[in-house]
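K.L.:
I would like the entire structure built from these sequences, with the hints used as guidance.
Going down the list, the sequences are from chains Z and U.
Taken in order, the first sequence gives residues 1 to 516; the numbers are from this note's numbering.
Taken in order, the second sequence gives residues 1 to 314; the numbers are from this note's numbering.
Check each hint, because a few of them may be wrong.
Claimed, not checked - Keeping only pairs whose Cα atoms sit at most 16 Å apart, straight-line, the calculated EDC-like set for lysine to aspartate or glutamate is:
#1 Z:K289 to Z:D410
#2 Z:K404 to U:E45
#3 Z:K130 to U:E46
Treat the hints as calculated values from the structure; they're not laboratory data.
Bear in mind the structure is a predicted one, so any value in this text is a computation, not a measurement.
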Amino acid sequence: MKQTGTTRRGFLGTTAALGALGLAPAWTTAAFAQAGGTLRLRIDGDNDVLDPGFMTGGTEIEAQKQCLPFLAQYARDGETFTWEPTYFVTRLEQRDATHIDFELTEGLTWSNGYGPVMASDVKFSYERMKDSDWSGYFDALDRVDVTGDRTGTIVLNKPFAPFIMITLCHGPGAVLSEKAMADAGGEFTNSFPAVCGPYTYEATPGQRAVFTANPDWTGPKPAFDRVECNVITEVKAAELAFEAGELDCTEVGADTLARYTKDMSEGTGIAVAGELQYMWMGMNTEHPKLQDIRVRQAIQHAVDVDTILQGAYSGTTAKSHGIICPGLTGQRDSAGYSYDPARARELLAEAGASGLQLTLRTLNNQERMLAAQIIQANLMQIGITVTVLPLDSGPFWEMGQESKGDTWKDLELWLMRFGTTPDPYEATQWFTSDQVGVWNWERWTDEEYDRLYEEGINETDPQKRHDIYVRMQEIMENTGAYVWINHEPEAFVHSTAVGVNAAPSGELNYRRFTGA
Amino acid sequence: MLYYLAKRLGLSTVVVCLVVLVLFSLLYFIPGDPATIALGPRATEEAIARYAEKMHLDEPVWRQFLIYIGNALTGDLGLDVFSDRPVTAIIMERIGFTLALVGAGMGWAMLLGIPLGCLAAVKPNSWIDRITGVLSVGTIAVPSFLVSIWALLIFAVHLRWLPAIGAGEPGQLGDQLSHLVLPAFAIGLSWVGYLARMVRASMLEVMGENYIRSARAFGLHPRRVVFGYALRVAILPTITLIGMGFGGMISSTVFAEIIFARPGIGKLIFDSVMARNFPIVQGAVLVATGLYILVVLFSDILIAWFDPRVRESL
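P.N.:
Shown next as structure tokens:
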């Protein structure tokens, strides 16, 4: 009788054969060159929640901009960021301080048979945002009045000058199909229930998101029929992929930007979207060691910001003179203090401060640590000994918040960076009196600042707004609690075969890319 | 054999339980409030409260642990913080890529390392042996992330022979294999050296045995003596090494998957750590640990199967 069970010899033989088969040279030559009509980009993670109400932000907003209607979009007016109506509206006008009229373009239709885009969709989309994770962007919204199939009025509950710039142009301003949302159960995650835009969307988690031409789209045809967004978490890996010719455009870090700026290879360009990050060194005005304003002013004079910009950021970032970023109303031309170690020593002597020992807390990343070490050396020159304390993001973001423990009492110096939208209102909101112990870690209050904050929100005259925000930054600076450092750019390297379009905060808008 | 199997399975279960306990505890050793860390500094109080309730963070710790264990036993590893998708489903989407990478990496290392070790042992102190020794130590000494970067720079960036990123088009085997070459090369290279050294040492020991001398005295072909008799015994410690190596390779895939932007468990863990997405970190580490334990268990069983002395010693 023949035995048919597995033997050790048979097992080894089969395993070897399978192994050899698996490693057979079956690869094909990959297509490296830019394919016709295909734009290859990077996203830094999966788009987990595409619903504007519950998204994380970032590349999810990029996806919304390709597949959903928006009433307004960012534009540049010289060096300043402004807004303009999108293709989706024939009219978008601020009638008065609290009324914005709109008329949708005729012929816009939702995919999946959900019919035309209606003014009622706008009403549904914006009013639902008041109960969403992004409700802060709609605090000023009272309601949307529908006056016709394609016309309506956005009614604000108080004058709020930045509403169009920070809400309608940004991700939360996306319009959804009311009917499709009802069928989807009121929320959606990683696929759109209906789209109206030049692209449809499909994603393979962990690998890529692919945008393909929407057959129902009747608007302006984008330059690329297909956009492939590869999920590449690390900026450095994306830079290598760009150099290998597998991406047409990618965001770059400060050191790579410096390298490209110095030695640009043929067929490569650099695009800077905006510089909407503001970084400063903060000081706790209530801390016993820093209560004397002369000590704080001495520190302002002692820090050599130009060296930080060169040493930590390779000269790729703009020097900061306040919290209002380049391109925005209210940006200052210069700070009210300068690098002057002699003056710093005088101020310390006047304050009678000697042998001062301070702790500088910072997030533990390369650029911030370098900046902290330069500050440490600068302050050593005027007799202040600084201990640099690097922190992980968990404890770092809680250290000044009274609701998260008592660390705020020990805070002395820290390096902080905030991001903002293209309107000065957002950057100023974190330093009002009611923010002490929340985000105003410097812990000062000023009645004039609080009043100007409200005036800035209501004011629509550009020059008056500019003056208001300049004055607010002067008030901040006069507390001595701030050393302005820099504004980091959102920079991209790209093939010269494509023209990049990005929002000031760095989100790419694939539909507005141009071909060679 | 059954007793051996039961003993090994029992031990593996204890290890898995310990891993679950450590993973669960980690969440509370990290400074800061878990909900705030997960949702970021600007999360609203309402969002934090919703998250805490959803993740049972408002329950006593011992109860949270029991809930976690109970759910894990049913294959429920929780929900992704951001997308609300089941962690188990997300891990299942990625695990195939990691297994393919580890399989390819270990596969080519075995195909090259084992014959090299045999060759070196058959001709000890020859120039082949010396070159093999130098190459082995050299490949062992170079960390896989360095090999990954250099391989990418040379073969993808400069020569453009092979793709730099991704896992290839779904459904296109050739494309997927071409995307596998560089990462598999990177994580497998050091294992060529390990395997060659291990096989050489084992073979030298076995080649001095009486039964090998007898086989030679009977005039058997040298190839048959080496591969048919000596290697079958000498391979046993190598199987253990390969089993242990599988776990090491899962660690190596973290770097390879990040550098080559390739989906997989390693990249998933890294991305989730960066995003403070703790349910995925816990689930993915648990699955990776489970895989490691399974492979070690499998290699132990294989050895017991191949070598009657192991079974009889139980």
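K.L.:
Look at each hint and say if it fits the structure.
P.N.:
Evaluation of the provided hints:
no. : hint             : in the structure
1   : Z:K289 to Z:D410 : holds, 10 Å
2   : Z:K404 to U:E45  : holds, 12 Å
3   : Z:K130 to U:E46  : holds, 13 Å
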